[in-house]
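Student: Listed below are the residues making up each chain.
There are 2 protein chains.
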Amino acid sequence: MVRIKDIAVKANVSVGTVDRVLHNRGRVAEEVRRKVLQIAQELQYEPNLLARALGSNRLYRVAALAPDAGPDPYWQQPWDGIRKAETQLKRYGIRVEPYVFNQHEVESFRKQAAMLSGNPPDGVLVAPLFYRESLPVFQEWQKMGLPYVLFNTQITESQPLSFIGQDSYQSGFLAGKLLHYGQPAPATFLVAHIAEDFTNSAHLIRKEQGFLSYFEQNKLTDRYTVVHADFSADAVKEQMQSLLWQHPVIRGIFVTTSKAYVLAPHLPVIGGGRIRMVGYDLLTQNQALLQDGTIDFLINQNPKGQGYWGVVRLADHLMYKKEVAPIHYLPLDIITKENLQYYVDGE
Amino acid sequence: MVRIKDIAVKANVSVGTVDRVLHNRGRVAEEVRRKVLQIAQELQYEPNLLARALGSNRLYRVAALAPDAGPDPYWQQPWDGIRKAETQLKRYGIRVEPYVFNQHEVESFRKQAAMLSGNPPDGVLVAPLFYRESLPVFQEWQKMGLPYVLFNTQITESQPLSFIGQDSYQSGFLAGKLLHYGQPAPATFLVAHIAEDFTNSAHLIRKEQGFLSYFEQNKLTDRYTVVHADFSADAVKEQMQSLLWQHPVIRGIFVTTSKAYVLAPHLPVIGGGRIRMVGYDLLTQNQALLQDGTIDFLINQNPKGQGYWGVVRLADHLMYKKEVAPIHYLPLDIITKENLQYYVDGE
DNA sequence: TCAAAAAGTGTGTGCGCACACGCAAAAGTT
DNA sequence: AACTTTTGCGTGTGCGCACACACTTTTTGA
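Heads up: the sequence lines are chains A and B, in that order.
Residue numbering for the first sequence is 1 to 347, as defined by the numbering used here.
Residue numbering for the second sequence is 1 to 347, as defined by the numbering used here.
Hints listed in this document are in silico derivations from the structure and should not be mistaken for laboratory results.
Nothing here was measured: the structure is a model prediction, and the numbers come from that model.
Keep in mind that a hint or two might mislead.
Subject to a maximum C-alpha distance of 27 Å in a straight line, what follows is the list of computed BS3-like cross-link-like pairs (lysine-lysine) [what the hints assert, rightly or not]:
id : chain 1 : residue 1 : chain 2 : residue 2
1  : B       : K5        : A       : K90
2  : A       : K322      : B       : K84
3  : B       : K322      : A       : K84
4  : A       : K177      : A       : K219
Hey, can you work out the whole structure from these sequences and the hints?
Tutor: Written out as structure tokens, the structure reads:
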């Protein structure tokens, strides 16, 4: 195993000099610099991460900016992942500082972001729910040289260190397949958005686009119809009844958020064939509906993993100076009653 | 963070004594011993794993006993995972010694196992394909105090340190769901075992049991029939034709191994409804068949992950003296054309 | 021309732990 | 009583790295 000392001996310099070269710190003669780098390359030097973490007493502060888990249980999961990563990396000198905002109040997001910037950490993990309000914040961080990682929502206009999450388009596409698979024509499918500002939520738009594309690309549009529906939280029942009246051959519903459980109670128990349901995420309410057969498939967005990997990526960047891929798509896990157990609490 | 030194100070002894107590090495007065343990408990001492790995210059040898990747591409993947883990861990004192056997020759397994025992490593990772022949080997290891981790095939009669892999029973159960979903009755489904000694392969038996259970537990046996079929590698075509003749309403095939691609070319292109196929694992041949629609679903056994985690678990046990869970089930990943890309080469 | 600043380099210490070594006191032996 | 053995315990070194410090040589500037 190659150590810094080995490089030093081979290059006829001291370990201090090698250290300065490898970390771009201090002053080193250009000639020596190149020689050391070349030898390091040649010997395939890989730093011993244990020794590094042990030797440097440096503490890295990572700020996490995400919605409050209180009102929406979904957000508990990213926080769990973040916490898990912190526990694991604490020994290596990583500490996480949470900044919580209200997912329905733009102002609270702005405020927390400002607080964060006022006490700049070494890196940021952020769920940029509000598209318009995020951009100026990103610009500021960029100017400060503060690396930030996005999760949950992809905002292509910014230049984050990395994005962690699902490909929303492909996710909708997959939902199309799951509703269509083995479903005789003709049939109508509903794309249901629940209690969200659809036009301001990039990832919901992408999901719907993917869903539609499935039917278009497979040339199914002559036999299968897709209907868009926006539900507001307080009139779900009425809207559902009205939709069923208008479209008697609804055979499946694609709920684009984790809120399938909100819609489920208002489906007809029986009526010209059961209505299939595809939704997102393993909230306990959704799990129960999956078990009793109301929901056919859930697509797991692995929110816990998003938080976890976000912190890990930042640590990779900060501590180990590793290259970080700009996009880190998580798999589109298909969950049914039969394989659910292995995704719940998976370590 | 509590260090050994902190305990030493509080107990009025030296770090050497604390070390002896914590590791049960050397001689320590009983009174002092209890005092140190009590203080360690009190202070919630947790050893710094980094420092431990760094400080002890010990080299741990892990033997990996698994089939040759040459004849069956499936086995390349666990070996890849094992190799990956070794690369990652070799800096920290873990080295893997491969023992390769022929998956069709019981004798070669026995021979390699004997060689392994003759040059005992610190831990073993093994894919116990041959049920009967594995048991005595395990007994020997147990007697030697040699910790071993199982992967791929679970053998409940033994007491391994851990098992890494899928729940085969539930895996078959899930396959039942995937073939049945949206498939009108009546229909016949085939459970196809390809070129394996079925009766000596514990996990294939379990898969078939799970598959059958799906139809029983859901009370579908009056409308759906399940047929068991053993294929030998050199007569697949003839056997398939004969089966199609006997069971004209075959609507789906469950291939219990990664060899769906062997069967696929011999399915009728059209004939009273397409025949669905569910198989295992993302071999390139299977991926192509998934893409062109011949295979509907693949269940990913994550063979690479099995190898990887197996080595990691052993390292956890050997180096860090961590507790290792006796069973580590990997998720039953459902793969379709639409989400395949996110599982291939997922780091 | 000579001091001051900058450039270039080596040495030493500490991180927390494992482990070898060595010394003193107690217990055992003839 | 004069030993040997055993028991009990402290000290010291090294693992690979980060980083502070100090030292020498070169360059700069008035």
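Student: Now look at each hint and say whether the structure bears it out.
Tutor: Quick rundown of the hints versus the structure:
1. B:K5 / A:K90: Holds: B:K5 and A:K90 sit about 20 Å apart, inside 27 Å.
2. A:K322 / B:K84: Judged against 27 Å, a Cα distance of about 18 Å means the pair holds.
3. B:K322 / A:K84: Since the Cα atoms of B:K322 and A:K84 sit roughly 17 Å apart, the hinted pair holds (cutoff 27 Å).
4. A:K177 / A:K219: holds, 13 Å
Consistency with the previously given hints is maintained throughout, with no hint failing.
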